[in-house]
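Asker: Start from the sequences and build out the full structure, keeping to the hints where you can.
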Amino acid sequence: MPSEFFIPDPQGQTPSPEGYFGAFGGKFIPEALVAAVDEVAVEYDKAKSDPEFARELDDLLVHYTGRPSSLTEVPRFAEHAGGARIFLKREDLNHTGSHKINNVLGQALLTKRMGKTRVIAETGAGQHGVATATACALFGLECTIYMGEIDTQRQALNVARMRMLGAEVIAVKSGSRTLKDAINEAFRDWVANVDHTHYLFGTVAGPHPFPAMVRDFHRVIGVEARRQLLEQAGRLPDAAVACVGGGSNAIGLFHAFIPDSDVRLIGCEPGGHGVETGEHAATLTAGEPGILHGSRSYVLQDEEGQITEPYSISAGLDYPGIGPEHSYLKDTGRAEYRAVTDDAAMQALRLLSRTEGIIPAIESAHALAGALEVGKELGKDGLIVVNLSGRGDKDMDTAARYFGLYDTDAEVAANAADTAEIEGDAK
Amino acid sequence: MSGNIQLLSDTLAGAKAEGRSALIAYLPAGFPTVDGGIDAVKAVFEGGADIVEVGLPHSDPVLDGPVIQTADDIALRGGVKIADVIRTVREAYEASGKPVLVMTYWNPIDRYGVERFTAELAEAGGAGCILPDLPVQESALWREHAEKHGLATVFVVAPSSLDGRLAEITAAGSGFVYAASLMGVTGTRASVGAQAEKLVERTRATGTGLPVCVGLGVSNAVQAAEVAGFADGVIVGSAFVKRMLDAPDHAAGVQAVRELAADLAKGVRRTA
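In the order they appear, the protein sequences are chains L and E. Residue numbering for the first sequence follows our numbering, beginning at 3 and increasing consecutively. Residue numbering for the second sequence follows our numbering, beginning at 279 and increasing consecutively.
Read the hints as simulated data drawn from the structure, not as lab findings. Given the structure is predicted, the values throughout are model-derived calculations rather than measurements. Beta carbons are placed, not taken as given, at the ideal position from N, Cα and C, and that holds for glycine.
Which bits of chain L does chain E cover? Going by a derived footprint, with three or more residues having C-beta under 8 angstroms, they are: (1) 26-34; (2) 191-198; (3) 283-294.
30 angstroms max Cα-Cα, derived DSS-like pairs, lysine-lysine: (4) L:Lys175 x E:Lys359; (5) L:Lys118 x L:Lys48; (6) E:Lys476 x E:Lys544; (7) E:Lys376 x E:Lys359; (8) L:Lys118 x E:Lys476; (9) E:Lys359 x E:Lys426.
Facing chain E, according to a computed beta carbon distance under 10 angstroms, are these residues of chain L, among others: (10) Glu20; (11) Ala38; (12) Asn186; (13) Glu187; (14) Glu305; (15) Glu306; (16) Glu311.
Answerer: Here's what the structure looks like:
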């Protein structure tokens, strides 16, 4: 029986056997990791064609994750988007609260097949870390999560969740103390412990086969959304919109629509304080091709190849690299990428909360802000699907500070006018 | 002007003819300053190092432990540029007449331009490069330019390398083979893994004519003597950097690395 939820790329045209999507991808890794990365590739190839693997993964995706995830139309939100119809692909409703679980369960099964007993992972906002800690609890694997020190502070709730699940969380104090540095530290761990440890990489970047494998585990997002749109809207969308940090939820949504040439694929990058300020993480908008974390792709770097420090209000998007397949989709023109500022994302977060009763993750709010723009461009006949990649619980502290929602917030308490304005807005 | 790959080979052959291992030291350029780093490299040569690897600091040194990360960070915050690295190589070579290599990650060279970098390194008297995150399969462009400019391409082999890969790597490399003594990042270790001797044996079993030098974890003369018992060269990095970091001032740091080099130079002549 063909798998219903684990649906690897059926065309199998990308990447090349060496892991290249056009000029991007490859395998820039130290010799110490070559054998382990090759083992992952071989084991994944075997698993992909093993009906037992698909059956096991499907079973988990249905009974543990809760797939298929809903497709929800959001008409009150869409009133602010020039009247276009907007549907949300509800990856926030998955177990653990984001799309990350799709990939994690796949790689956790692979870890067992390889006979490894320990898993390490990086995390930015903590969603990949929580999903990984969850799968490790489920499968009885030892788990260590690397997280930038700044991110452990802004996503303290997820740190507590990971520890509750039995994972060790290590706050990384080097470099910019965010996602990039967490990945560096995870690589250092992997080099030293590769004999019994699998690096459960959380996005569609890294050395081959990770970009293709992680994409395959997330393809289900777009496959479901495409089918659900045909059922619920009666046609394919004009645009599929997703946020991009490393790019996993975006590639998951986009991939099934790539052959549908009339569907625009739009990735929303973290524009931070504005690309012109230099304080952003809009890699495809402002980067140049280079090598970071094992593959060639667009990278935020200076003229001597030093990686520049990214910035975003969203810990999950705060990354100076991007998956190589996105670089390929950009250069071929099949997908387009635009930068969304912190402020635009936060406004969209509040708007969706107050018009539809859905609090999105700050990451996903970048896609929502992008959809508001795209909707106005398309006009009232437009049809948009947005990947709501995660829920916003983890971001309530950041959002409360941004909007001044705490009772103890001295500024809010002192200025009733501000409070009135916040409450009156978006109604 | 052609690079000094021949000087590198002659130096390693010379040590072998003396019945000893070569001492290869690593120090990052620009640490603690560009001129200070040049002083340190010269001191290490004066102390008795046969070959020096000059590090080109990178923002994301994923194969380095905390000691070299700290030094790279100091160098980058000081504003070190590739031109400064090239100047370090030039001054170290001109002062010592000994082979100087560059060790770095691939992105800085990719971004700077392979032709431009290899031409400038060769012109400065450099002998070659070690690029630990550029595997053989991705190295064709680099090797073409390195060969054209008379520069060695030193590849790393690891205890996890399968025999087939050892054959590919030794066939593609030049100068010498860098055998990683253990699975891990740079840094000093209490003992050098027993895996090192086995890896050297397996590397030689490929039939390569290249010298096999061992690095990672070696920090003192006793370890250097132990490694010298089975390897053609002993590579020491973090221990030098740590002496510089721990010194109360720059002059003391330079003196400390000179003394460490002298101590290690005795070690490689005292094969266990």
